[in-house]
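Number of protein chains: 2
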Amino acid sequence: MAKINRTFLDLKQSYLFIEISKRISEFKKNNPEAPIIRMGIGDVTLPLVPVAVEAGEKAFAEMGVKETFKGYEDSGKGYDFLKKAIAEYYKGFGANVPEDEIFVSDGAKSDSGNISDIFNPDCVVTITDPAYPVYVDSSIMSGKKIQYADSNESNRFAAMPDMSQKSDLIYLCSPNNPTGTAYTFEQLKAWVDYAIANNAVIIYDAAYEAFITEADKPRSIYLIENARKCAIEICSFSKTAGFTGTRCGYTVVPKEIALESPDGLSSTITDANAAWSRRQGSKFNGVSYPVQRAAEAVFSPKGQEQIRSNIAIYRVNAEIITKTLSELKIDFTGGVNSPYIWFKCPWGTDSWDFFDILLKEANVVGTPGEGFGQNGKDRFRLTSFNTKENTEEAMRRLQKLMTDRK
Amino acid sequence: MAKINRTFLDLKQSYLFIEISKRISEFKKNNPEAPIIRMGIGDVTLPLVPVAVEAGEKAFAEMGVKETFKGYEDSGKGYDFLKKAIAEYYKGFGANVPEDEIFVSDGAKSDSGNISDIFNPDCVVTITDPAYPVYVDSSIMSGKKIQYADSNESNRFAAMPDMSQKSDLIYLCSPNNPTGTAYTFEQLKAWVDYAIANNAVIIYDAAYEAFITEADKPRSIYLIENARKCAIEICSFSKTAGFTGTRCGYTVVPKEIALESPDGLSSTITDANAAWSRRQGSKFNGVSYPVQRAAEAVFSPKGQEQIRSNIAIYRVNAEIITKTLSELKIDFTGGVNSPYIWFKCPWGTDSWDFFDILLKEANVVGTPGEGFGQNGKDRFRLTSFNTKENTEEAMRRLQKLMTDRK
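Chains U and Z are the protein sequences, given in the same order. Okay, so the first sequence: first residue is 32 according to this note's numbering, each after it adds one. Okay, so the second sequence: first residue is 32 according to this note's numbering, each after it adds one.
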């Protein structure tokens with residue numbers, strides 16, 4: 032009889048954003064006129080950048096003409112034009128990433144979920160707490176044991192390795208979702224050293240790298256010595272160029288990452304690049320050609336200008352939020368190198384209770400920290416993905432809420 | 032230490048089409064002028080249908096405007112407009128498929144590969160031999176035991192269930208890739224009955240359903256009684272509307288498919304629809320909005336007319352091939368309800384040898400049957416995805432080859 036995968040039984044029942052949607056729907060049913068401002072789910076609010084729109088349209092037109100039509104991509108790993116542009120982009124901030132180690136994908140979520148497939152279920156996974164839920168869910172689905180590295184007030188929500196603990200796989204996200212913190216060169220070097228010492232692999236989620244403003248924060252893990260021997264980096268066009276609904280990302284899997292074969296068996300696949308090639312070759316057929324052309328356009332000088340202008344707008348919003356929190360003397364991280372601001376719930380409330388209070392009394396939607404892990408139980412995430420007007424209004428309401436409830 | 036997934040060690044080293052590419056490259060290096068005609072990999076040759084081009088362009092333009100911009104899809108399962116169009120399409124040939132059982136995906140390959148994730152590794156999988164290699168590779172990657180159901184001359188390459196064998200999961204493809212055969216209502220009913228008797232789940236790949244011409248061949252497994260209790264159906268826009276490079280497909284997972292929980296444990300997920308929702312919710316973020324709009328357009332009256340006209344062209348090619356094979360008295364299946372023609376290699380040669388002969392002596396590329404399984408060792412696949420001129424020329428060359436070698 033067909034059985035559900037045993038690993039699925041260990042998953043928590045509901046996904047964070049489903050519960051949030053449920054609570055919002057319920058509130059709206061009873062308060063249809065409430066002027067809700069959404070600062071919860073990390074979706075962008077600025078449209079797709081103009082260069083990407085133009086390139087996407089042009090590529091669709093090409094698809095309709097026999098001479099320029101594109102069918103299956105030979106490799107399914109991405110067209111050379113896009114991989115070349117990505118490699119150039121990396122060079123721009125000093126990271127050397129060969130084109131044949133780049134895999135174009137339909138987004139960072141798919142890749143950070145699927146990458147677990149190539150590792151043996153007996154690998155012990157270290158995940159920061161709090162973290163993006165996909166790392167936990169996909170590790171559970173692939174039957175791996177999880178241990179947590181605490182991000183908390185004592186380390187200003189930038190978890191560091193515990194040298195006494197063994198790991199085989201490590202998920203890191205910097206700038207971090209949800210805490211908004213970005214690792215310094217020194218901190219990230221500590222993680223790379225830890226990975227090398229453990230012969231472990233780091234899955235490095237750099238989806239928010241373009242938001243980094245401070246010079247002591249690396250925009251790629253490949254700026255750290257030895258990272259090519261231990262780190263897979265995942266990146267995305269979502270948050271900078273507005274690709275959340277257009278869907279494109281890329282993952283770098285260095286050939287230098289050696290993988291051990293389990294049970295002392297011999298294996299024809301001996302590195303992570305070959306393993307991921309095999310996985311993608313069997314279960315993926317590449318990203319839509321028009322989408323790849325749209326992504327390529329993001330790397331043009333005009334495209335880079337457009338995403339910088341987008342980021343500048345989100346950064347102003349982040350400043351509005353952090354300024355308000357500072358004035359209210361609420362402890363927070365993030366907002367400087369990240370679109371996320373992670374703050375301590377006022378009055379010692381727990382994060383779901385604060386969610387309800389903020390929704391009901393200020394009509395502002397945020398994300399309860401508990402949805403990202405135990406260390407988020409008393410924390411709350413706001414995003415800068417909104418208009419300046421809405422961000423200002425939301426902060427006025429938060430200030431009023433704090434005054435009213437004093 | 033990070034180990035490669037143990038299951039990957041059981042994969043065969045190289046993917047069929049990689050070996051084919053290698054042999055073609057080698058041949059071309061020594062014969063740069065050879066007028067090669069490709070009738071190998073199942074890629075289409077007609078461009079993306081005009082309605083899809085237009086809808087894709089329009090949707091990209093929408094993405095650039097704040098008011099019509101689309102970010103993350105709420106569910107990631109596909110927009111209602113597309114699921115509605117798919118449900119209507121099914122109704123058109125008498126199958127009732129509720130919209131909330133449809134999952135829009137980036138293609139049949141991803142889904143037929145990933146669907147295995149939701150089933151326990153101890154499930155025994157039945158796969159026809161020959162078959163699309165993805166079924167085998169993804170079953171191996173997910174640690175499942177495979178048994179084969181023979182498609183051979185005795186059943187005219189339409190494998191039937193062995194009632195004495197137990198199964199938990201069954202991969203079927205009809206019209207079949209590579210054999211070109213389509214199950215009759217009666218044959219498919221036998222498989223559904225077998226699945227029900229075994230409490231098994233059928234993964235039914237219907238990517239070529241639009242090629243069916245004969246009235247006794249069902250275009251969906253849901254036209255068979257009880258299929259909603261045991262069958263997942265996977266479909267694609269690739270071969271009819273020219274989406275091989277645009278990437279869109281859909282998978283139907285009925286809520287009526289109950290899944291047992293392993294080891295007598297209790298599970299909150301009790302059916303295949305909920306399990307697949309959970310898998311996709313954690314590892315997938317939906318299909319690009321412009322691509323979904325392009326797919327929607329395929330179901331418009333104009334779109335249906337355009338795909339019918341495409342299929343008609345491919346069908347003429349299939350007739351050219353089957354006519355030639357008949358004249359040459361070469362045994363074959365397919366070509367009537369399918370773009371594929373599956374024939375017996377002449378002179379008792381094995382399929383890779385015939386591949387080399389056909390490439391070197393006739394400059395025609397096909398696909399060696401062995402790439403699809405043991406029962407393809409003496410068989411060869413040609414596709415009708417080409418121009419009429421090329422198809423005619425290829426058949427002239429085959430005729431000459433047969434005469435020359437008599």
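It cannot be assumed that every hint is accurate.
Each pair may be met inside one copy or between any two copies, as identical chains are not told apart.
[Said to hold, decoys possible] Distance condition first, Cα-Cα at most 27 Å in a straight line; then the derived DSS-like pairs of lysine-lysine:
| # | residue 1 | residue 2 |
| --- | --- | --- |
| 1 | Lys175 | Lys43 |
| 2 | Lys260 | Lys89 |
| 3 | Lys59 | Lys286 |
| 4 | Lys122 | Lys97 |
| 5 | Lys89 | Lys333 |
| 6 | Lys286 | Lys43 |
| 7 | Lys122 | Lys391 |
| 8 | Lys115 | Lys43 |
| 9 | Lys260 | Lys220 |
| 10 | Lys286 | Lys333 |
Source of the hints: derived by calculation from the structure; they are not laboratory data.
Comparing the hints with the structure gives:
1. Lys175 - Lys43: Cα proximity of Lys175 and Lys43: in one copy and across copies (15 Å, 25 Å).
2. Lys260 - Lys89: neither (39 Å within a copy, 44 Å between copies)
3. Lys59 - Lys286: neither (51 Å within a copy, 29 Å between copies)
4. Lys122 - Lys97: Neither. Shortest intra-copy (36 Å) and inter-copy (32 Å) distances fail the 27 Å Cα cut-off.
5. Lys89 - Lys333: Both, since 17 Å and 22 Å are each at most 27 Å.
6. Lys286 - Lys43: between (35 Å within a copy, 20 Å between copies)
7. Lys122 - Lys391: neither (48 Å within a copy, 44 Å between copies)
8. Lys115 - Lys43: Neither way: Lys115 and Lys43 sit 40 Å apart in one copy and 31 Å across, limit 27 Å.
9. Lys260 - Lys220: within (13 Å within a copy, 53 Å between copies)
10. Lys286 - Lys333: Intra 33 Å, inter 48 Å, cutoff 27 Å: neither.
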